[in-house]
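Student: Each chain, letter by letter, is given below.
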Amino acid sequence: MTTEELRTILEESGADAWEITDTKTEGWEFYFIRHSLDQNRVRDVEHREIAVYRAMDDGTMLGRASAEIPPTLQREEAAREIAGLLADAAYGKNPVYRLNGPAPIDAPRPQETDPAVIAREYLAAMQGIPETEGEDLNSYEIFVDRNEVRYCNSEGIDVTQIYPSSMVEVVVNARDGQHEIELYRLFEAGTCDRKALTEDIGELTRFGRDRLTAEPTPAIGTGAVLFSTKDAAELYRYFVDRMQAKLVYMKLSDWEIGRAYAGEARGDQVTLTARAFLPNSSRNRVFDDEGAPIRDLPIITKGVPAHYLGTRQFRCYLGQEDGFHAANYEVSGGTGTEESLRTGSYLEVVEFSDFSVDEMTGDIAGEIRLGYWHDGDRVTPVTGGSVSGTLRELMNEMRFSAEQRQYDRYLIPRLTRLEGVHITGIQTGDN
Amino acid sequence: MKAPFSPWLAAQAEPLKELIASLSSHYDYVSALASDSRGFRIVASQRNRFVDRSTMTTERGVVVRVHRDGLYSEYAFNADDLRDVHALAARMRRILDEQLGVLAAVGVKVYDTPGLEDTPLTIYAEMETDTLPEDADLETLMKTLQSYSDRAVSRDERIVECQAQLSSTHVNKMFLTAHRDERQSYVYSEGTIAVIGSADGRTEMVREGASGRTGVQVIDELAETIDGAIDDVLKMLHADRVIPGEYEIVTTPEVSGLIAHEAFGHGVEMDMFVKGRALGAEYIGKRVGSDLVSMHEGAKCVVDVASYAFDDEGTPAGDVTEIDHGILKTGICDALAALRLGTLPTGNGKRENFEHKVYTRMTNTMFDSGKDTREEMIASVKKGYLLEGMYSGMEDPKHWGIQCIIARGREIIDGKLTGKMVAPVVMTGYVPDLLGSISMVSGDRCSYGNGACGKGHKEWVKVSDGGPYLKARARLG
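These protein sequence lines are chains A and B, in that order. So in the numbering used here, spot 103 of the first sequence is number 103, and the numbers just go up one at a time. So in the numbering used here, spot 321 of the second sequence is number 1321, and the numbers just go up one at a time.
Just chain A, same shape as in the assembly (with noise of 0.2 Å):
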């Protein structure tokens, strides 16, 4: 069955509104153990996502219900889920609301699409990753996609978009004689861009050789916490939730378009927006899930709210029809030179376990893989033990650096300083 075959079936459904997201979705794998291949891989796969609504309680109420339409699915028997989804819908009933309209799109930038080409790139990077008898890499794998998206509406969107994404996951070893390490990364871009992709291994084995030599993290207690690699993008993620329309009408946010986010502010104030694209982005798509227009939208201002991010449902449900579900996101630099960012005592941690931040409740938690304890004029790296706090109170004190760096969707400033975390060393005493 076809996307127009189901687009017609769903217009003679008796549906009062609809959508479609046909994706598709051709997929190139590798998968190294050392520089071996250990398999290859393709993905020739299509999704069709469909939701169907119904007008409810006078028009006041309209209940949706979704579902994914397999391929393989005959005429018939999606004419039966359709049927089957419309009744279900009664039982996703939520306050009225309408589905995006027609919008001019701009025209997507140019940019390499097809997986055996992007593929051939990343292959030659990888094989060619500088290592030396101490420091190499254990395994790897590559992941590109060419993404053809389709999306339309019974409103009257039928809008198409064509996009390159790709993911490598390295895994580097350090060794000294007998002791040996590992680190971990996941890199996510477009296309493939050897320079970057090559310091940034190069920096993470750099990390390796430091690991062999780490010392447990020392008893610090409360201190300050320097950000300075891939993490400090889950610090500005919080900021991107604590602005989602759907937490703020559901009350998990209470952060409000006008309203500084802290009252007790020290540091510097986050500016963040929303770009439509960002050199080698994974995601730089001209429409959103819904068939909106991405364009650049500022989201916080200096620490003031200004538009709220999200589903349509949500944002007009806050009164704010205009916006998209955005994808890449520029924190503006602060006030900080890196020098002025390195005084004092400070814990700069460059690999955690799994540094998380709860959108909820701004919780920081994450185990210390290599850290650099700045004392004095001494630096020790570090290992052992956790950071942990809540960026609720911690972003009150939060400064950051004017020069910027991007990690695939997020392009933030280069260093973030936290002042009064937890950090749980392994030379603790007993309690």
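Source of the hints: derived by calculation from the structure; they are not laboratory data. Beta carbons: idealized from backbone N, C-alpha and C, even for Gly. Incorrect hints may appear among the rest.
[What the hints assert, rightly or not] Here are the computed lysine to aspartate or glutamate pairs in the EDC-like style, where the Cα-Cα straight-line distance is at most 20 Å: (1) B:LYS1275 <-> A:GLU5; (2) A:LYS246 <-> A:GLU169; (3) A:LYS93 <-> B:ASP1220; (4) A:LYS24 <-> A:GLU5.
[Unchecked claim] Beta-carbon label-pair distances, calculated as ranges: (5) A:ILE162 <-> B:GLY1443: 54 to 62 Å; (6) B:ASP1156 <-> A:ARG206: 28 to 36 Å; (7) A:GLY177 <-> B:GLN1217: 54 to 62 Å; (8) B:ILE1123 <-> A:THR8: 37 to 45 Å; (9) B:ILE1284 <-> A:GLY84: 50 to 58 Å; (10) A:GLN111 <-> B:ASP1319: 30 to 38 Å.
[Unchecked claim] Derived contacts from chain B toward chain A, CB cut-off under 7 Å, selection only: (11) ASN1078; (12) THR1192; (13) LYS1416; (14) THR1418; (15) LYS1420.
Position chain B against the provided structure of chain A, taking the given hints into account.
Tutor: Below, chain B alone, put in the same frame as chain A:
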């Protein structure tokens, strides 16, 4: 009732066997895994309701694995109706050969691996369930979830939201080779209650769950968790941070399961042995925990969301004793890793879905029970915490570090719970130190199947884990 095997999959069996025969003239091993899993997920809360006929594991598609010249290759597809299997075979060969051309141009070498043996095997497993998600009465279920949400928010004005969720999936998989025909059908379901409280600018959430390889009856178990979740979230609104340090701890079965999963679940996934990424490979036969520590892993070791008849490579389900009275006995293994290590697969080859590669993955990971009681454990603690609820964990098989983010800790002083709570709690440490410190193990145990497990930061699969209450020492922050 038995969960009936998918008619769609049954209809694909003959064309797929033809496809396998067609490809076998070019490759020395060919298998196909076809999936047709259906389900639903519904959510009720105070401000939003949601109905979706998809879950984390619903899918319909096929992945074909081939082997030639020491190399395994795979092709995953879902849009071909198998009416012309020879054309499909030609397309697969063309694109896989195109990949080999790119690899050759870059000078890539192959990790030479022997072909899998294709010993004859037939499995037809339609497992027991109470209901099928296809037949579920969503109206009644949604009303019940809504009543849970309403009950929670009506109890205290500080409860600002309660999201009640239920999902149920009817899994159907068929694994075929020239000599194997394996088919399985089963249902698993899970429900969660997320109670959210807010006061003085602070927001906290307590999540409770119920799961099983059953139908939607898990919704009844959820009802029993609501009052406890409300009590806990109200306390968490005033909870302090734990003072960083090492403490005596008592872990609830849910937290014990998280430790099992992160400590020697991931630590003995033997595809990591092939890459030299797991310290466990050097510790087989050696002590890694106290005498009280025994641990099992396998689709057969309990019945929960990860209990199946065969894995995604057609290997029958197993039950592996990983740790026996503190001694590391063996790991778990997918079929290709087993070939490379010269051992046997254990039924732990799993894919996120038909589009994804197989890795060695956990199923159900459980600490064995002991003879102590929860009350005896608490009474034995001079200063420490009873740890409850889990947010996340992270493995570190190479260095045996462990990170567990735990929802809350109840203070214990001189053998008694003081009523004071700390939240959240970050538990870190060195796995053998943590397992070596286990000094008491309760006689009861439970499994929890509401979570999902990634490998690194991707490849999400359903797992369950659990165990009894444990008493140990750990570093908290």
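Student: Which of the numbered hints are not met once you compare them with the structure shown?
Tutor: Going through the list in order, the structure violates hints 1, 2, 3, 6, 10, 12, 13, 14, 15 and respects the others.
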